[in-house]
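Chemist: Can you build the whole structure from these sequences, using the hints too?
Residue numbers (this note's numbering), protein chains in the order written: chain A, 45 to 360; chain B, 7 to 681; chain C, 2 to 301.
Check each hint, because a few of them may be wrong.
Claimed, not checked - Listed next, the in silico EDC-like pairs over lysine to aspartate or glutamate satisfying Cα-Cα at most 20 Å (straight line):
1) Lys297/C with Asp122/A
2) Lys454/B with Asp443/B
3) Lys153/B with Glu189/B
4) Lys418/B with Asp378/B
5) Lys292/B with Asp74/B
6) Lys381/B with Glu350/B
7) Lys297/C with Asp255/A
8) Lys292/B with Glu313/B
9) Lys454/B with Asp125/C
10) Lys297/C with Asp248/A
11) Lys297/C with Glu222/A
12) Lys454/B with Glu410/B
13) Lys153/B with Asp123/B
14) Lys297/C with Glu134/A
15) Lys454/B with Glu510/B
To be verified - Far from chain B, by Cβ distances over 10 Å, these chain C residues were calculated:
16) Leu24
17) Phe32
18) Pro54
19) Leu105
20) Leu155
21) Leu161
22) Val193
23) Leu218
24) Ser276
Note that these hints are calculated values from the structure, not bench results. All residues carry an ideal CB built from backbone N, CA and C; glycine is no exception.
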Amino acid sequence: MTIFKLVIRRSLMSVVTLLLVSLIIFSMLEVLPGDVASRILGRDATPETLEQLRTELGLDKPAPVRYLTWLGGLVTGDMGQSLVSSRPVEEILAPRIFNTVLLSAYAFLIYLPLTIIPALLQALNRDRSVDHAFSVVTLVLLSVPDFLLATILLLAFVVMLPLLPAISLVDQSSSAWEYLRAMTLPALTLAIVMAVYAVRMLRDNLIEVLDSDYIRMAELKGLSRRRVLLRHALPNALVPTLNVTALNLAYLVGGVVVVEKVFSYPGFGSLLVDSLQLRDLPVIEATVMISAFVYVVANLIADVAAILLNPRLRTG
Amino acid sequence: MIDAEPVISVEGLSVSYRQGAGFLRVVEDVSFAVAPGEVFGLVGESGCGKSTIALQMLGYRPPAMRTDAGAIKFEGRDLLDLDRAGLDRVRGARIAFVPQNPTTALNPGIRVGDQIDEILAAHGAGDSRVRVARTLDLFGLVGLPAKLDFLRRYPHQLSGGQQQRVCIAMALACDPAFVVLDEPTTGLDVTTQEQIVALLIDLRARLRMSMLYVTHDLGLLSQIADRVGVMYAGRMVEIAPTAELFTDPKHPYTRGLVGSIPRIEDRSGLPARPLRGLLQRHELPKGCPFAPRCDWATQECFEVRQELEPAGAAREVACWRWPEISVPPDARAVSQAPEIDHAETLLAIDNVSVIYGSGRNAFVALRDISLDIGKGETFALVGESGSGKSTLARAVAGLIAPAEGTIGLSGKPLTGLVRNRTPEERRLIQFVFQNPDASLNPRARIAKALSRPLEFFFGRSSEANVQAALADVRLDGKYAARFPDELSGGERQRVAIARGLVAEPSLLLCDEILSALDVSVQASILALLQRLKIERGIAMLFISHDLAVVRMLADRVCVLFRGDIMEIGRRDEVFSAPFHPYTHSLLEAVPTPLKPHPQRGASVEAAGTPSATGCAYAGRCAWQIGEICETERPPWRETGEGLRIRCHHSLEELTRRATWPNEPPTDTQDRRAMQ
Amino acid sequence: MSAETLSAPPGRSTSRWTSLPSLWRQTPLSFRIGLIVLVIHLLVAVTGPFWAPYGFSQMGTGRPLSGMSRVHPFGVDQLGRDIFSRVVHGSHIVILLSLSGTFLGLVVGAVLGLFSGYVGGWIDEIIQRFLEALISIPFLVLALIAIAAAGPELSGNPVLIVLVVALVYAPRIARMARSVAVDIATRDHVTVARLRGESAWSVMRRELLPNATSVLLVEFALRAGYAPVLIGSLGFLGFGLRPPTPEWGLMISENRALIIVTPITVLGPGLALASLVVGLNLFTEGLARILGRTVKLGVQ
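Modeler: Here it is in structure tokens:
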């Protein structure tokens, strides 16, 4: 099968997955709970307000119709109106998404060297003290939940060494420098959590590559250690690394939820939590859908990249 | 012994491997030397330490390996003393390595031309133009297309044989003084194996290379090695010139090894009986490691270490009793089973075709196959990988349904898939698989593996049944309580056979059951099968690529190529002229001790897929007539004795062209030489 | 031709259960440390309520917002409650919820995955797509909407937490179980059983499951290791158990505002939570090593 077909097929699978995800999300939020309106308004709602909400949300229509209208809306960009602020959902989402993207990019920049350098050091010094030391450190850090890590970093850099702000509230009026200062702690938290996981995986992948037959053959050809590492080992460790990175992106989507909340950073994640607490249904649905979308796309990119990098598939 | 200064010499080498908390000695005080232009064969069974020695000659020391003692002298230096930089200068340039598995040894992401260019550049072979020219030369030398676009291919675009040629080209790139080959043909097809060996012989003659050729296949060494060193349990037990090793082995182990090789020529009265027992590493005595299995062992053998001592011109033996051992105590060899004629048909395969996939991707695995297996008959199905032999077995077993044709058991047609068959039908056909590791449930004890079929087919099973089943395959009763991972490959395969027999089937399907085993273990299982054949009268569909084994066991033989029958008939007929061209090339390709050099050009490397209409062997046949072979399906030619060959040539023509077997020496001369 | 019988080498099976001390010595270091930590946590969980100095909602135990002291190792919160006692009282909550949630997820996931992998075909395909969709929703997000979907009546109910944890884990465990089943199903000994005509159920029970146990065991330990983090995150965000339940995540969130004054009130429960997860992770890694498998510790 040509590479083109493979990529198309993989992309189609992602589309199917997304459709299923939308079905699941819709069912969980609108079908399962029974009477959505009373759920949203709570116990004290009067019958009139309930009726009003029902018509507003179109709850009198049968579920499949509602689902399809909602789905259609997602695709065209019309995600309804927030129940809390009556503003269009897209309007609320846009700046939040922007903030989170910025935060993620920043986190990624920190994460890359934080991952690659220790993993390389570990793989090259396998089973020696450097390797063991890093393993211990990563294990401990891995076991610290992200909200705890965030809180500790807050303690360290805000309370003890007052370098950074405790609250990362930014908006359009903030300057770039303020943005940077606000984002640093959350980005650092995210970066550490991602790096700790990735270092372990990258180390194992590098070691696996270093143990393979063609590496031994390269050494037996009389190639220098540097050449073996750079020309033979590293490129072949690239694909599994991509996999890890995709998984990390996936983590990011979930991780921002907690981290943004800790630092009160006005991003996508804190929007989700807030809308859940306020029971703002349209916003909840839209944000959850977007997080799943990001996850699926991240995996798709990683898989496609793996296909493209595989010489077997490239040449057939 | 050796007149000239040796190219490389190993002195007192001892190597250990880390195992758990301690170390296991895998090479014990090994010494030998290789003369310039000489090919030294290093032979022994799995675990004897030969691959370890091969790697040590390149100074390769993984962290788990520890050199305890010894030196390897090469060009004035001790290789074991060199640091990484020093080794980098020697490897590839002065000593080269040809790996066992070329598919994994080549970096899948780098083009083949670049992988050669890399070694040239690393050892200073000039600028890129010079290197490309040299790469093209090397490719031509090893029989690969010397074209630029071939250089740009990736390893997965080459066949196994071509990949190995690339590895050989890499080894020769910098004109090394010494080449180490670690089982270079083990993973290849029989015919490809023959081609690579022929290439190596040719190169050795042209370039006067010194080589260390490591293999477990003693027969192979007869073609290429000048001297052979035999290893057992990490020690060198005998060194001798090749021909003498085969005609006059002195060490008891060597005798057993030579005796274990199934003979394809019709010979009986071998110099020794095959090996018995197993290497039990935990029970190695202080003295000679072979003592527990040796027919001539005395108390002293168990206690006193044996060292290599001279035993004639250019010969060394590590056994103090060698002068006394001349006549084997009981020279009953693994001989051929007598041919039995079987009248009643048990299994009838009529016009069976099996197709994988559909539409454009349809692959015809079996094309219109018809054959019969008689009651109690051993029917051998021979072919290389891709011939469809496994597919046929799976169709008979009911794992695949034929697209066309019928399979009948004792007259009644068998339903295609096993789940539609009756329990009785399922019981009567039993399958033994190739790989003993995977065919036993690792979490079930042997007793369970054997009792389950009994319960399932007969409703009950007892400990006595299990013990009897084990005894049938000559395993001690204590095996019942063990788990599969406590058994060796040969033992597991016996259990698999016992499991098949326990259901009391009328047909046993054996799919390459010996291929994954060491040669001495093969011999003992072969003997077991021969005995079972006679005792139980059970029919067998025996699939193998190894003609020598087939010769020992089969009543009738069928040769398959790419899904089509090439030749079918009684054993003795198939193994004598006239031959189908493919059968002939297979026979030619079998290395035997008494055939020093194989015929080259017996078959041409295949090109493309076979035509759907012509002969399946067209395009690869060395005796191809021409167009007719591609377009027209050959007719059946039948001899008076019932041998059938599918070929456009006449039987007389085929008989005329046959050059196998080689001129046999006269009987009496040969017998004496073997004593 | 010899007609001799091979005698069996000394078996391993007899010497399997010689002595506990020697068995202990053979286990990897990570396993031992992890086990010790877990045992300590278990002991605290079980016996804690009996020796904790104060009750978990007992107020007026000391000066509010006072820091670390001998009487109050983890300080006192603004309501006057002793944080150390609260941590001790709360330890059984986290452990119980984590283990039961993971176990439920394991059972559901393993059955689904093994079945799907063995059966194959279009049933497998459909189940796969469905599982993949569930996995595409990030852990925490899925947990949050599940809690939201459950409605206000159930909020704060520990059973809900258990179900949510199971919901989040089951698809992932199912995926692992499926790939194991696919792997084992191709092995020859399974083919042998099929050729005999054994029923699908019988094959799954005898050939698949025993060979999958080590994988599933490791998978259980792995997921159980992350469960406290998940539960803690839910508690932290306010979607878990309700106050005054001394759930550690909730406590960290409650005391966060005090971090400038008494950081120990946050670090105390934090240390408890982190040490539990460290113990679980070490145990998992050691267990994997014993069973001859590799494991990827971490979020996904």
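Chemist: Say whether it holds or is violated: Leu105/C keeps its Cβ farther than 10 Å from all Cβ of chain B.
Modeler: The assertion about Leu105/C holds, with a minimum of 25 Å to chain B.
Chemist: Does Asp122/A lie within 20 Å of Lys297/C when you go C-alpha to C-alpha?
Modeler: violated (41 Å)
Chemist: Assess, step by step, whether the Cα of Lys454/B is no farther than 20 Å from the Cα of Asp443/B, and give holds or violated.
Modeler: holds (16 Å)
Chemist: When you look at the beta carbon of Leu161/C, is every beta carbon of chain B farther off than 10 Å?
Modeler: holds (38 Å)
Chemist: The output says Phe32/C does not contact chain B. Does that hold with a beta carbon cutoff of 10 Å?
Modeler: With a cut-off of 10 Å, Phe32/C remains clear of chain B, as the shortest Cβ separation is near 16 Å.
Chemist: Is it true that the CA of Lys454/B sits at most 20 Å from the CA of Asp125/C?
Modeler: violated (31 Å)
Chemist: With 10 Å as the threshold, tell me whether Val193/C passes as away from chain B on beta-carbon distances.
Modeler: Non-interface label on Val193/C violated, nearest chain B Cβ at 6 Å vs cutoff 10 Å.
Chemist: Looking at Pro54/C again, its CB stays over 10 Å from all of chain B?
Modeler: holds (46 Å)
Chemist: For the pair we were handed, Lys292/B and Glu313/B, check the Cα-Cα distance against 20 Å.
Modeler: holds (13 Å)
Chemist: Does Asp378/B lie within 20 Å of Lys418/B when you go C-alpha to C-alpha?
Modeler: holds (14 Å)
Chemist: Would Ser276/C pass as off the interface with chain B, using Cβ distances and a cut of 10 Å?
Modeler: holds (31 Å)
Chemist: Quick one, are Lys297/C and Glu134/A close enough, alpha carbons at most 20 Å?
Modeler: Given that 20 Å is the threshold and the Cα spacing comes to 38 Å, the pair is violated.
Consistency note: the structure conflicts with the earlier hints numbered 1, 3, 9, 11, 12, 14, 22.
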